[in-house]
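Given chain A's structure and the hints, the job is docking chain D onto it.
There are 2 protein chains.
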Amino acid sequence: MLNPVNKGGEDIAGMMREIGTRARAAARPLSTASTEAKDQALQAMAQALTDRAPAILEANARDMEQGRQSGLSAAIMDRLLLDEERIRSMAEGVRAIAVLKDPVGDVLDAWERPNGLRIERVRTPLGVIGVIYESRPNVTADAGALCLKAGNPVILRGGSDSVHSSAAIHAALVEGLRSAGLPEDAIQRVPVTDRAAVGEMLKGLDGNLDVIVPRGGRSLVERVQADARVPVFAHLEGLCHLYIDRSASREMAIGIAVNAKMRRTGICGAAETLLVDRAAADTHLVPVLAALAAAGCEIRATDEVRALFPDAGEASEEDWATEYLDAVISVKLVDGVAGAIDHIETWSSHHTEGIVAEDAAAVERFFNEIDSAILLHNASTQFADGGEFGMGAEIGIATGKMHARGPVGVEQLTSFKYRVRGAGQTRP
Amino acid sequence: MLNPVNKGGEDIAGMMREIGTRARAAARPLSTASTEAKDQALQAMAQALTDRAPAILEANARDMEQGRQSGLSAAIMDRLLLDEERIRSMAEGVRAIAVLKDPVGDVLDAWERPNGLRIERVRTPLGVIGVIYESRPNVTADAGALCLKAGNPVILRGGSDSVHSSAAIHAALVEGLRSAGLPEDAIQRVPVTDRAAVGEMLKGLDGNLDVIVPRGGRSLVERVQADARVPVFAHLEGLCHLYIDRSASREMAIGIAVNAKMRRTGICGAAETLLVDRAAADTHLVPVLAALAAAGCEIRATDEVRALFPDAGEASEEDWATEYLDAVISVKLVDGVAGAIDHIETWSSHHTEGIVAEDAAAVERFFNEIDSAILLHNASTQFADGGEFGMGAEIGIATGKMHARGPVGVEQLTSFKYRVRGAGQTRP
Numbered sequence: 001m002l003n004p005v006n007k008g009g010e011d012i013a014g015m016m017r018e019i020g021t022r023a024r025a026a027a028r029p030l031s032t033a034s035t036e037a038k039d040q041a042l043q044a045m046a047q048a049l050t051d052r053a054p055a056i057l058e059a060n061a062r063d064m065e066q067g068r069q070s071g072l073s074a075a076i077m078d079r080l081l082l083d084e085e086r087i088r089s090m091a092e093g094v095r096a097i098a099v100l101k102d103p104v105g106d107v108l109d110a111w112e113r114p115n116g117l118r119i120e121r122v123r124t125p126l127g128v129i130g131v132i133y134e135s136r137p138n139v140t141a142d143a144g145a146l147c148l149k150a151g152n153p154v155i156l157r158g159g160s161d162s163v164h165s166s167a168a169i170h171a172a173l174v175e176g177l178r179s180a181g182l183p184e185d186a187i188q189r190v191p192v193t194d195r196a197a198v199g200e201m202l203k204g205l206d207g208n209l210d211v212i213v214p215r216g217g218r219s220l221v222e223r224v225q226a227d228a229r230v231p232v233f234a235h236l237e238g239l240c241h242l243y244i245d246r247s248a249s250r251e252m253a254i255g256i257a258v259n260a261k262m263r264r265t266g267i268c269g270a271a272e273t274l275l276v277d278r279a280a281a282d283t284h285l286v287p288v289l290a291a292l293a294a295a296g297c298e299i300r301a302t303d304e305v306r307a308l309f310p311d312a313g314e315a316s317e318e319d320w321a322t323e324y325l326d327a328v329i330s331v332k333l334v335d336g337v338a339g340a341i342d343h344i345e346t347w348s349s350h351h352t353e354g355i356v357a358e359d360a361a362a363v364e365r366f367f368n369e370i371d372s373a374i375l376l377h378n379a380s381t382q383f384a385d386g387g388e389f390g391m392g393a394e395i396g397i398a399t400g401k402m403h404a405r406g407p408v409g410v411e412q413l414t415s416f417k418y419r420v421r422g423a424g425q426t427r428p
Numbered sequence: 001m002l003n004p005v006n007k008g009g010e011d012i013a014g015m016m017r018e019i020g021t022r023a024r025a026a027a028r029p030l031s032t033a034s035t036e037a038k039d040q041a042l043q044a045m046a047q048a049l050t051d052r053a054p055a056i057l058e059a060n061a062r063d064m065e066q067g068r069q070s071g072l073s074a075a076i077m078d079r080l081l082l083d084e085e086r087i088r089s090m091a092e093g094v095r096a097i098a099v100l101k102d103p104v105g106d107v108l109d110a111w112e113r114p115n116g117l118r119i120e121r122v123r124t125p126l127g128v129i130g131v132i133y134e135s136r137p138n139v140t141a142d143a144g145a146l147c148l149k150a151g152n153p154v155i156l157r158g159g160s161d162s163v164h165s166s167a168a169i170h171a172a173l174v175e176g177l178r179s180a181g182l183p184e185d186a187i188q189r190v191p192v193t194d195r196a197a198v199g200e201m202l203k204g205l206d207g208n209l210d211v212i213v214p215r216g217g218r219s220l221v222e223r224v225q226a227d228a229r230v231p232v233f234a235h236l237e238g239l240c241h242l243y244i245d246r247s248a249s250r251e252m253a254i255g256i257a258v259n260a261k262m263r264r265t266g267i268c269g270a271a272e273t274l275l276v277d278r279a280a281a282d283t284h285l286v287p288v289l290a291a292l293a294a295a296g297c298e299i300r301a302t303d304e305v306r307a308l309f310p311d312a313g314e315a316s317e318e319d320w321a322t323e324y325l326d327a328v329i330s331v332k333l334v335d336g337v338a339g340a341i342d343h344i345e346t347w348s349s350h351h352t353e354g355i356v357a358e359d360a361a362a363v364e365r366f367f368n369e370i371d372s373a374i375l376l377h378n379a380s381t382q383f384a385d386g387g388e389f390g391m392g393a394e395i396g397i398a399t400g401k402m403h404a405r406g407p408v409g410v411e412q413l414t415s416f417k418y419r420v421r422g423a424g425q426t427r428p
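Each protein sequence line maps, in turn, to chains A and D.
UniProt numbering numbers the first residue of the first sequence as 1 and each following residue consecutively.
UniProt numbering numbers the first residue of the second sequence as 1 and each following residue consecutively.
No lab work stands behind these hints, which were simulated from the structure alone.
Fair warning: there could be bad hints in the mix.
Pairs involving identical chains hold if they fit within one copy or between any two copies, as the list cannot separate such chains.
[Unchecked claim] Dumping the calculated EDC-like pairs for lysine to aspartate or glutamate here, alpha-carbon to alpha-carbon at most 20 Å:
#1 Lys203 with Asp227
#2 Lys101 with Glu304
#3 Lys417 with Glu369
#4 Lys203 with Glu222
#5 Lys101 with Glu18
#6 Lys101 with Glu358
#7 Lys417 with Glu364
#8 Lys417 with Glu112
#9 Lys417 with Glu314
So that you can see chain A by itself, here it is in the shape it has in the complex (with noise of 0.2 Å):
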């Protein structure tokens, strides 16, 4: 094992290259484990994490101290503490993970060709994922099961924050995969906090990094965008829209948009901008409008909205193209569906979008001519989230089209293959 030292740059690259190879390593015997050994893993991992709570809590303890030390925010000293029913929860988020269908082996389509070959798409695990997160140290014990369960070798890079505390909870995991028989490469850690071990796991470690999973703040996400040569399964922004359409029901239009904005600003799922039908501006603006305000929310809005709610503040051209992830929504009159569209596709970014409407041609058209990864209708933003769609956890959510889109759960960290079966066919 490794000291959890800083070190130089020489030898981050040789140790992450290390990583990187042990890592590869581990992709054969995880790729072939039993569901059963990788259930087993996790309930021990589990239990592990319960066992040792009271290291893992002293271990916090010191991440905190550290944390006061050097002046973090209230916000990240509140999300990177733990506590006991802390532990608690991300002990059951890894058994909920271990209850989950292995997608691993799953048969995605078959057919049979005239010639009589039998042919499978067969869910196979993806590769090595690299994990780069924060302060947050609950992402060790998620990401570590949610990549094992679908038999993928992750390398999980934690903030310097966090160093501690994910230490004792990745010591955990090692533990269930120890119990189980599996490799204790399928989840390793780096070690060090030294940034260049993130510029080695973007160049992807010699062929052996697959994808890269960033978890963070905009800074984050957009290093790791614009520098990886590996992929990336990311979202940037959740700049995401409400429309509320001329033929909404007026209360569902309050109830959706107050909790769109307002149940959590800080998620990627929070509505930021606000559209109505000029059509609806006499019968649904200033209701809508009123509600936001009486929950606490700020309004920016064109001239056109504030003449009807003198209430509302100035939208400039900045405001479309801002996430708030705040207590604060642009609002802005549309022509119906297609003037919404047009908005949306000028400045989303394209994570999710919501209409509130009884007339179908309407929602069909939000449906079909908007390209954002999740579209939503008569039902609030908030509900982008891989638990809330039912795939038991997500690593994140995903704006870019290439393979995974959306939250990003145990079947978007898959691969497949095909398994042709004959009775001696040769191609004439």
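Relative to chain A, chain D alone:
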């Protein structure tokens, strides 16, 4: 229309940027184009290819004349050559794509959540596709048609050898788009042969190119894979293995081995290494090698094999890493299916591998433990082809594990999005 002449680097960059912008602008109308419009365009393209055959042949004659002057090899000249039959076959290929099922809008999965939300995952176009190819002019029609069917704008960059032929074929495709009212920018051709244009595509055209498909020889694919900043669907080589188990029918083994190697030696699905179960050395090895030799195949083998079949030449370690694409095969004895798997996992390019066996346990092990795009049991490796798989047409075969793997047909050129239908649900 820009002239098909070489231009300076600055001009190339600007021109390519414009091509990218126009492709992206075509993505939205194309993604919502009806199946009827796309199929009508494809049928009109096929008709235009037939109607314009004299012009295409004239353009091809110019390429052939240039080729003769610049001393192209006979193999390249054959790939370059068009005649009425080849044009007819190109038009038929486009018609075959027209009658394929439109993948866009396909519901891949649908489920309901306990809170009543109904979720479906539906296919969408993938994005702007760049195809970089060499001398085969028919790729212009195949790739253009396949990308259109999946609703993707495509940027075609053919080799300089076939520039006149490709331009004439491209004109027929544009005629088809126009007649169906689809944007002409849906299928753009890079009108210059300057290599700087390829460099611009590899950089991704300011985010306006989503994936690159290289079609051609090893050096082209190698360059694209090394330098592309966008995902690449490709295989560098098809180092395919055929394993003959002790349980194999000897007659079947002979038939499959000869077909897998000798039917066409230059295709990526041709077998390059024959692995024979050591337990079948006395029963299968010599008849199989004798049949290969009788079919004109050069055999390079280990000393152990040469002791039993003295006509074989000597194999060095380099042979296990060589895709001959010729009437040559490397041969080795292995310890059953486990030995075959070890050899294949060490040397394979993860394209296609075959097993001849009657023992179901050996087949299952081969199918489970080998991580190649295509695995075949009791069938020739030369079936590794999108047409043979029933996909109708393919733009290539991919050995990567991200997004597309194996034959890249119309479905592999799609992404997906989620549509969620509610009745006013908000998240608690």
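Hint check results:
For a Cα distance limit of 20 Å, the shortest separation of Lys203 from Asp227 qualifies both inside one copy, at 8 Å, and across copies, at 13 Å. For a Cα distance limit of 20 Å, the shortest separation of Lys101 from Glu304 qualifies neither inside one copy, at 52 Å, nor across copies, at 47 Å. Taking CA atoms no more than 20 Å apart as the test, Lys417 paired with Glu369 passes between copies only; the shortest distance there is 11 Å, against 32 Å inside one copy. Taking CA atoms no more than 20 Å apart as the test, Lys203 paired with Glu222 passes in both settings, with 15 Å inside one copy and 18 Å between copies.
Taking identical chains as interchangeable, the C-alpha atoms of Lys101 and Glu18 are never at most 20 Å apart, the minima being 32 Å within one chain and 47 Å between chains. For the identical chains of this complex, Lys101 and Glu358 are neighbours neither inside a copy (36 Å) nor across copies (31 Å), given an alpha-carbon limit of 20 Å. Taking CA atoms no more than 20 Å apart as the test, Lys417 paired with Glu364 passes between copies only; the shortest distance there is 14 Å, against 34 Å inside one copy. In this assembly of identical chains, Lys417 and Glu112 lie within 20 Å of each other by CA distance solely inside one copy; the values are 16 Å within and 29 Å between copies.
Neither within a single protomer nor between protomers do Lys417 and Glu314 lie at most 20 Å apart by alpha-carbon distance, with minima of 54 Å and 34 Å respectively.
Hints 2, 5, 6, 9 from the list above are not met by this structure, while the remaining hints are.
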